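J.: As a plain string of letters, each chain reads:
2 protein chains.
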Amino acid sequence: MFESAELGHKIDKATYDAEVPKLREALLDAQFELAQKAKFPVIILIGGVDGSGRGDTVNLLNEWMDPRHVQTHGMGDPSDEELDRPMMWRFWRELPPKGKIGLFLGSWYTWPILNRVHGVTKVAELEQSMERARRLEKMLTDEGALIIKFWLHLSKEKQEARLTLLEENPKTRWRVTKRDWEHFRLYDKFRTVHENVIRHTNTAEAPWIIVEGAEARYRSLTVGKVILEAMRKRLQEEKVVKRHNEPHAIPLLPSIDKLHILNSLDLTQTIEKKTFEDKLEKYQGKLALLTRHPRFKNITVIVVFEGNDAAGKGGAIRRITSAVEARHYQVVPIAAPTEEERAQPYLWRFWRQIPRKGRLTIFDRSWYGRVLVERVEGFCSQADWMRAYHEINDFEAQLARHNIVVVKFWLTISKDEQLRRFEERVSRH
Amino acid sequence: MFESAELGHKIDKATYDAEVPKLREALLDAQFELAQKAKFPVIILIGGVDGSGRGDTVNLLNEWMDPRHVQTHGMGDPSDEELDRPMMWRFWRELPPKGKIGLFLGSWYTWPILNRVHGVTKVAELEQSMERARRLEKMLTDEGALIIKFWLHLSKEKQEARLTLLEENPKTRWRVTKRDWEHFRLYDKFRTVHENVIRHTNTAEAPWIIVEGAEARYRSLTVGKVILEAMRKRLQEEKVVKRHNEPHAIPLLPSIDKLHILNSLDLTQTIEKKTFEDKLEKYQGKLALLTRHPRFKNITVIVVFEGNDAAGKGGAIRRITSAVEARHYQVVPIAAPTEEERAQPYLWRFWRQIPRKGRLTIFDRSWYGRVLVERVEGFCSQADWMRAYHEINDFEAQLARHNIVVVKFWLTISKDEQLRRFEERVSRH
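Residue numbers (this note's numbering), protein chains in the order written: chain A, 1 to 429; chain B, 1 to 429.
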């Protein structure tokens, strides 16, 4: 797989010096157009082996472009706030909004690769991580993001030569760490894992660009030109015609026997006032004890309420919150997204509300809005709400994998009962 | 000072039961009006001695009001991301936006009080903290926030009785910690510090409401009623007439001899191209070494660029960034505030950009916009931009006190030179 990046690619200085000024100007123009229109974000991952010039490339891109509209993220060790959340949370919080470029040195590939090479995980787990990466990238590109993934490669010989060279020069010696040499000794292992990862995540919407990293001029010019062409193409598409991302729509028929879960419910069920009060007290007491348990400090709880208007979400939420210490919960009412939220993928506004451990977050309406109100009111296209079903599954799977307790309620009432409650509300005012 | 909160205030059950439903309804109405208009945020601090019912009060307020528009913050130990920034950062990030209520159990008073009682700081330092708290609250109220500060008090006897009672009941035993008894033994010391703090921070715009905490009904009803009245009054004011917060404006005369710093500068200075290139290389090299120094991990650098349009801010910024690893800096261009930023005090959008340690943040235009473009274009009132001068000083003092390196540049060019550059830009496109 890496053969084409071991050919000894080179660009001579004269060519480079002639090309760079044109490239810079074109990049600045593309960046300016991107910022003006703010129709999509650009997410650039710079992966690769140690010594392949990842840092230099990122520095150079910042120099060539307008750094005011580029956000560079090293993504080193996670903070304690990040460790409290699912792994992807730290990437969600750094996603560039529409019109900006995000450059990621560490990415959702970094830790799965390291864990596999060091034997912390098995191949199956690595492949699961890759499946998740693929789905994340699919979602981001469906939301309009332009993703460009670079893999800077060095042959074993070139890596050794590069590290030695850096170490011999007193000015660059600081850049070679013990870990770089450790990684060099694991070169073959890394190579196998890298090949596996690239093969599994080389998708149509977010392909890997493998670049030989040994020679700086070739590497820099290649990366710069790919970014330029990718941006130009997308800006051009936006100009000519709205991207055609409607799938071949499968007609959605209502169940042919008219039976579905909601109309099969018995909506006449009641509970005695006395029984209700006794049980409420009993379960509120249990909830109070559980959220005060010392081990609650290590648990995150997410509760979702959906249902018809006037179905009683507010009342149900208050019965939970009155049993829990106020500093341990937050209620997030979902209304229209803010301007900053509209500049991000649909799920961003929910990711930003994922709490730290030891807290309970209650969503009054939720990410299901996409397949409910937004679908019904026509706020998003059929393609958008159809893909939301599996995006939501992916999102919730990430929460569950992080051992977050996710509880979802659907409160339903009949049409007549809803009308009755609406009229009651009106008469009360 | 606490005498009136040691009288044994009590409300009988019948009165309480009659009052609460009316109070709840009125609070919900006020909260609804607040959310609808979203003209100002409500910041409620619940301070007081241990065992005085702070937690219970906060829980009850959440029960009485609509928890979807209340944000409760325990403010326990700071996270590592918070420790990397000035102390106030963690409060800024939790400030409620306009239309919402923020309930703070821990506040900017908590740590200064504890540090003083435990002898970590001297009286002078406590008083400096209080001065800062006063200025913060002044700024928040000037920005329109409604601040309500409660102090729940218990006499020494009542505190002992309360802690004993809680400990005897198996259901509430968990609430009494070792630290509570330690604090009880320090009661007199705490009382002296509390009196000092309250006296110094009992201002017209954010006075302390001292409430006897011993009896729950009295305490709850008092707190609830004060909040209701304070909210009603502010909502009413907003209705009748815009708050008159223009100070007696002192006429701002230009210097009578027409001499000021900008027109006294020699704008004809030049530098030889060769000298420039040599020096640029030398200083970029120094900067590169410094930001790669192991101790840079513990340093935060904030660089601000202001000046005329076309004065060369962009070029100057690029000369800095090209010497620094891209993952160590970010450039923040200041344009029009977003919707979320407009729902917060003016300085909030800058506070949110304060980086962690080991990073350099460059502001391309800054908080000085208030006294520059916003003043000149008339985007804010004279009162607003006049108070910005000392608010900015307070803000920068907090950065400096946290050992953040703050460097500010003003780039100036003559009117003729500016025109020339504008024309040059036009002709280039």
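Honestly, the hints are just simulated from the structure, not real lab data.
Computed from a prediction, not measured in an experiment: that's the story for all the values here.
It is possible that some hints are incorrect.
[Unchecked claim] Partial list, computed: chain B residues near chain A (C-beta under 8 angstroms):
| # | residue |
| --- | --- |
| 1 | Gly74 |
| 2 | Glu81 |
| 3 | Thr141 |
| 4 | Glu143 |
| 5 | Gly144 |
| 6 | Ile147 |
| 7 | Trp174 |
| 8 | Arg327 |
| 9 | Gln330 |
| 10 | Pro333 |
| 11 | Gln344 |
[To be verified] Pairs of lysine-lysine residues, derived as DSBU-like cross-links and limited to a Cα-Cα distance of at most 35 angstroms, are as follows:
| # | chain 1 | residue 1 | chain 2 | residue 2 |
| --- | --- | --- | --- | --- |
| 12 | B | Lys22 | A | Lys22 |
| 13 | B | Lys22 | A | Lys286 |
| 14 | B | Lys22 | A | Lys178 |
The beta-carbon is built from N, C-alpha and C at its ideal position, and this holds for glycine as well.
J.: If a hint holds in the structure, say so; if it does not, say that too.
T.: Results for each hint:
1. Interface hint at B:Gly74: satisfied, since its Cβ lies 3 angstroms from the closest Cβ of chain A, which is below the 8 angstroms cut-off.
2. Nearest Cβ of chain A to the Cβ of B:Glu81: about 5 angstroms, under the 8 angstroms cut. The hint holds.
3. Given hint, B:Thr141 at the interface with chain A, is violated; its Cβ is 24 angstroms from that chain's nearest Cβ, farther than 8 angstroms.
4. Among the interface hints, the one on B:Glu143 is violated; its C-beta lies about 19 angstroms from the nearest C-beta in chain A, farther than the 8 angstroms criterion.
5. Evaluation of the B:Gly144 hint against chain A yields a violated restraint, the C-beta minimum of about 19 angstroms exceeding 8 angstroms.
6. Checking B:Ile147 against chain A: minimum C-beta separation of about 19 angstroms lies over 8 angstroms; hint violated.
7. The beta carbon of B:Trp174 is positioned within 8 angstroms of a beta carbon in chain A (closest approach about 6 angstroms), and the interface hint is therefore held.
8. A distance limit of 8 angstroms between C-beta atoms decides the matter here; for B:Arg327 the minimum to chain A is near 3 angstroms, and the interface restraint holds.
9. Nearest Cβ of chain A to the Cβ of B:Gln330: about 6 angstroms, under the 8 angstroms cut. The hint holds.
10. Because the beta carbon of B:Pro333 sits about 4 angstroms from the nearest beta carbon in chain A, less than 8 angstroms, this interface hint is met.
11. Below 8 angstroms, beta-carbon pairs count as interface contacts, and B:Gln344 has none with chain A, the closest being about 12 angstroms; its hint is therefore violated.
12. For a cut-off of 35 angstroms, the pair hint linking B:Lys22 to A:Lys22 is broken: about 73 angstroms separates their Cα positions.
13. The straight-line distance between the Cα atoms of B:Lys22 and A:Lys286 is roughly 30 angstroms, inside the 35 angstroms bound, and the hint therefore holds.
14. Taking the CA atoms of B:Lys22 and A:Lys178, the gap is about 70 angstroms. The hint is violated against a cut of 35 angstroms.
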